[in-house]
Amino acid sequence: MNGKSLFALAVLAVGILVANSTLYVVKETERAVLLEFGKMSPDEITPGLHFKWPIKDEVRIFDGRVLTLDTHPQNFMTVEKKGMIVDYFAKWQIKDVHKFYTATGGDEATADRLLAQRINEGLRNQFAQRSLLEVVSGQRDELMIQLTDSLDEFSRTSLGIEVIDVRVKQIELPPEVSGSVYNRMTSEREREAREHRSKGKEQAEFIQADADRQVVVVESEAYRDAERIRGEGDAIAAATYAAAYNKDPEFYTFVRSLNAYKKAFKDKQDLMLVDPDSEFFRYLKDAQGKVK
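Reminder that position 47 of the sequence shown reads as 47 in the UniProt record's numbering, one-by-one numbering, no gaps.
Treat the hints with care, since some could be wrong.
[Stated by the list, open to error] Label-pair restraints from in silico Cβ distances: (1) Arg191 / Val79: 18 to 26 Å; (2) Ala204 / Ala260: 57 to 65 Å; (3) Ala244 / Phe206: 50 to 58 Å; (4) Thr240 / Glu219: 25 to 33 Å; (5) Asn75 / Arg191: 57 to 65 Å; (6) Phe154 / Ala128: 16 to 24 Å.
In short, the hints are calculated from the structure, not lab data.
C-beta atoms are modelled at their ideal positions from N, C-alpha and C, and glycine is treated no differently.
Please model the entire structure based on the sequences and the hints provided.
See below:
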């Protein structure tokens, strides 16, 4: 290797050292502040390639993505002076990097500690205004929304971070109160069950009474229609018989006599005591039915 090659390598090495000490890159997912002899510059550093002076300038880069605060479960008291163990988490993100650096020194652990203190205080105040039942079931979502809004307002102005969400992962009751709470919840559910059964029985009786009434109405209307149709049929039959009788009274009398004979002599074991001169034997004595 000749002297020119060594000189080129030396120049390249010096160039790399100079570039490493004077150039820096801020990614889209990062936030950064520039310190000039330890004093923070008010200028905003945008993502991209930037220049800095060696020795004079120092760049501090922080994670600009959404971060998670996950703390240990804490003890809180309700308005009924009943304790509970609450496990929660929070989502936050740096919005004002200058305020963030001023308040925390750029330490995420410090930011988590300060934020956890405010969340604990907010949860303690919110739980102290509500009963155990409201905290466990009825108003948890409303509580979290109110806490997130108030906490975000403080953290933006004081810490330079945005609180995106605060959520309760789990609520556990201390052993000394869990039994009484579960008994109370069981009694409440049994009361609701009895109330629902009572309402159901009342509705069932109403439905049954209405069904019985409809059955009576339908049967009455059916009987009325049947009697009306039967009466109409009898009237038509009587009119038909009368018309037939008027056309040939003798034939009609003959047919009725034959039907009477048929019914009278249907059973051979029957005995009849009838006067031979009776009108009943009129057509048996004479085909024309003439009385002698």
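Hints versus structure:
1. Arg191 / Val79: 18 to 26 Å: With a Cβ separation near 22 Å, arginine 191 and valine 79 satisfy 18 to 26 Å, so the hint holds.
2. Ala204 / Ala260: 57 to 65 Å: holds (59 Å)
3. Ala244 / Phe206: 50 to 58 Å: Given about 56 Å between the Cβ atoms, the range holds.
4. Thr240 / Glu219: 25 to 33 Å: At roughly 31 Å between Cβ atoms, glutamate 219 and threonine 240 fall inside 25 to 33 Å, so the hint holds.
5. Asn75 / Arg191: 57 to 65 Å: Cβ of asparagine 75 to Cβ of arginine 191: about 30 Å, so the range 57 to 65 Å is violated.
6. Phe154 / Ala128: 16 to 24 Å: Between phenylalanine 154 and alanine 128, where Cβ atoms are some 19 Å apart, the hint holds.
Checked against the numbered hints above, the structure breaks only hint 5 and satisfies the rest.
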